[in-house]
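The sequence shown begins at 1 in UniProt numbering and counts up one residue at a time.
Where hints are given, some of them may not hold.
Stated by the list, open to error - Calculated pairs, SDA-like style, for lysine to any residue (alpha carbon to alpha carbon, straight line, at most 20 Å): (1) Lys-128 / Met-1; (2) Lys-140 / Asp-13; (3) Lys-15 / Ser-109; (4) Lys-128 / Trp-144; (5) Lys-9 / Gln-98; (6) Lys-15 / Ile-63; (7) Lys-9 / Phe-83; (8) Lys-9 / Ala-22; (9) Lys-128 / Arg-146; (10) Lys-9 / Pro-41; (11) Lys-140 / Ile-38; (12) Lys-15 / Gly-93; (13) Lys-15 / Gln-98; (14) Lys-15 / Ala-132; (15) Lys-15 / Asn-88; (16) Lys-15 / Leu-89; (17) Lys-140 / Asp-57; (18) Lys-15 / Ala-134; (19) Lys-9 / Gly-149; (20) Lys-128 / Phe-8; (21) Lys-128 / Arg-118; (22) Lys-128 / Glu-112; (23) Lys-140 / Ala-129; (24) Lys-128 / Asp-13; (25) Lys-128 / Arg-11; (26) Lys-15 / Arg-138; (27) Lys-128 / Gly-16; (28) Lys-9 / Asn-147; (29) Lys-128 / Gly-106; (30) Lys-128 / Asn-88; (31) Lys-9 / Lys-140; (32) Lys-15 / Asp-90; (33) Lys-9 / Glu-131; (34) Lys-15 / His-104; (35) Lys-9 / Arg-94; (36) Lys-9 / Glu-112.
To be verified - Label-pair ranges, simulated between beta-carbon atoms: (37) Leu-145 / Leu-81: 43 to 49 Å; (38) Arg-146 / Gly-35: 42 to 48 Å; (39) Gln-98 / Arg-119: 33 to 39 Å.
Derived by calculation from the structure, the hints in this document are not laboratory data.
Think of the CB as a built atom: it goes at the ideal place given N, C-alpha and C, for glycine as much as any other residue.
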Amino acid sequence: MELFLSTFKNRIDAKGRVSVPAPYRALLTRRQPEGGLILGPDITAPALVAGGRDYLDGVNRRIDELPDLHPEREMLIDGLLPFLNELNLDQEGRIQLQPQFLDHAGLASPGEAVFVGRRHSFQIWEPKAWEARASEARAKAAAWLRNGGPSDTGAKA
Numbered sequence: 001m002e003l004f005l006s007t008f009k010n011r012i013d014a015k016g017r018v019s020v021p022a023p024y025r026a027l028l029t030r031r032q033p034e035g036g037l038i039l040g041p042d043i044t045a046p047a048l049v050a051g052g053r054d055y056l057d058g059v060n061r062r063i064d065e066l067p068d069l070h071p072e073r074e075m076l077i078d079g080l081l082p083f084l085n086e087l088n089l090d091q092e093g094r095i096q097l098q099p100q101f102l103d104h105a106g107l108a109s110p111g112e113a114v115f116v117g118r119r120h121s122f123q124i125w126e127p128k129a130w131e132a133r134a135s136e137a138r139a140k141a142a143a144w145l146r147n148g149g150p151s152d153t154g155a156k157a
C-alpha cells in the first residue's frame with residue numbers, strides 16, 4: 001500500500017491557495033482518479049488533516065463500529081463530519097484554505113505551510129508549530145526505541 005510520507009514546505013498565496021506537494025497529488029490521483037481531497041481541522045493538534053476519499057471512508061468505518069444513537073457515535077459525527085470539506089485541486093495543484101482552516105492551524109495568507117505525511121493521511125502545519133511538534137516527537141520516538149517499546153513517553157504499542 002502506498003503511503004503519504006515525507007515533509008514539504010510550500011507557500012500560501014494572498015488568496016489562501018497552497019500547492020499540494022506533487023507526490024501527494026500523484027498518490028491522491030492513483031487512489032481516486034476523479035481527484036480532490038478531504039480536508040478538515042485536526043482535533044488533536046493545531047494543524048489540518050487531509051486525505052483522499054479513502055480517508056473519509058476510514059472515518060466513517062470507525063463511526064459505523066458504534067451502534068446507532070450511541071452517545072460516542074453522535075459525538076464523533078457532530079465533532080468531525082461537519083468540519084470536513086471536499087476540495088478540488090486547481091490546474092496548478094492548489095487548494096483554497098478557508099479562513100477557519102487558516103485560523104485553526106495558525107497559518108497566514110500569504111505565508112508558508114508544512115505538509116507532513118502520516119501514512120494514510122497528511123497534515124498541514126504552520127512551520128514553527130511543526131518544528132516544535134517534530135522535535136518533541138523525535139525525542140519521544142528515540143526514547144521509545146532506546147527502551148525497547150512503550151514507557152512513560154506516552155507511546156502505545
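These are the hints, each one checked on the structure:
1. Lys-128 / Met-1: Distance ~31 Å between Lys-128 and Met-1 Cα, so the pair is violated.
2. Lys-140 / Asp-13: violated (34 Å)
3. Lys-15 / Ser-109: holds (7 Å)
4. Lys-128 / Trp-144: Outside the cut-off at roughly 24 Å; violated.
5. Lys-9 / Gln-98: holds (19 Å)
6. Lys-15 / Ile-63: Distance of about 35 Å is beyond 20 Å: violated.
7. Lys-9 / Phe-83: violated (24 Å)
8. Lys-9 / Ala-22: Roughly 12 Å between the alpha carbons, so the hint for Lys-9 and Ala-22 holds.
9. Lys-128 / Arg-146: Violated: Lys-128 and Arg-146 sit about 27 Å apart, past 20 Å.
10. Lys-9 / Pro-41: holds (19 Å)
11. Lys-140 / Ile-38: Distance ~29 Å between Lys-140 and Ile-38 Cα, so the pair is violated.
12. Lys-15 / Gly-93: OK: Lys-15 and Gly-93 at ~15 Å, within 20 Å.
13. Lys-15 / Gln-98: Distance of about 9 Å is within 20 Å: holds.
14. Lys-15 / Ala-132: Not satisfied, since the Cα-Cα distance of roughly 27 Å exceeds 20 Å.
15. Lys-15 / Asn-88: holds (16 Å)
16. Lys-15 / Leu-89: Holds - the C-alpha atoms of Leu-89 and Lys-15 are around 14 Å apart, at most 20 Å.
17. Lys-140 / Asp-57: violated (30 Å)
18. Lys-15 / Ala-134: The given pair, whose Cα atoms are some 28 Å apart, is violated under the 20 Å limit.
19. Lys-9 / Gly-149: violated (31 Å)
20. Lys-128 / Phe-8: holds (14 Å)
21. Lys-128 / Arg-118: holds (18 Å)
22. Lys-128 / Glu-112: Holds: Lys-128 and Glu-112 sit about 10 Å apart, inside 20 Å.
23. Lys-140 / Ala-129: holds (17 Å)
24. Lys-128 / Asp-13: Within the cut-off at roughly 18 Å; holds.
25. Lys-128 / Arg-11: holds (14 Å)
26. Lys-15 / Arg-138: violated (34 Å)
27. Lys-128 / Gly-16: At roughly 18 Å apart (the allowed maximum being 20 Å), Gly-16 and Lys-128 satisfy the hint.
28. Lys-9 / Asn-147: Given that 20 Å is the threshold and the Cα spacing comes to 33 Å, the pair is violated.
29. Lys-128 / Gly-106: Given pair Lys-128, Gly-106 holds - Cα atoms ~10 Å apart, limit 20 Å.
30. Lys-128 / Asn-88: Violated, at about 27 Å.
31. Lys-9 / Lys-140: violated (24 Å)
32. Lys-15 / Asp-90: At roughly 13 Å apart (the allowed maximum being 20 Å), Asp-90 and Lys-15 satisfy the hint.
33. Lys-9 / Glu-131: holds (12 Å)
34. Lys-15 / His-104: With Cα atoms ~17 Å apart, Lys-15 and His-104 stay inside 20 Å; holds.
35. Lys-9 / Arg-94: holds (13 Å)
36. Lys-9 / Glu-112: holds (7 Å)
37. Leu-145 / Leu-81: 43 to 49 Å: Check failed, 36 Å falls outside 43 to 49 Å.
38. Arg-146 / Gly-35: 42 to 48 Å: Holds - the Cβ-Cβ distance for Arg-146 and Gly-35, about 43 Å, lies within 42 to 48 Å.
39. Gln-98 / Arg-119: 33 to 39 Å: At 25 Å between Cβs, range violated.
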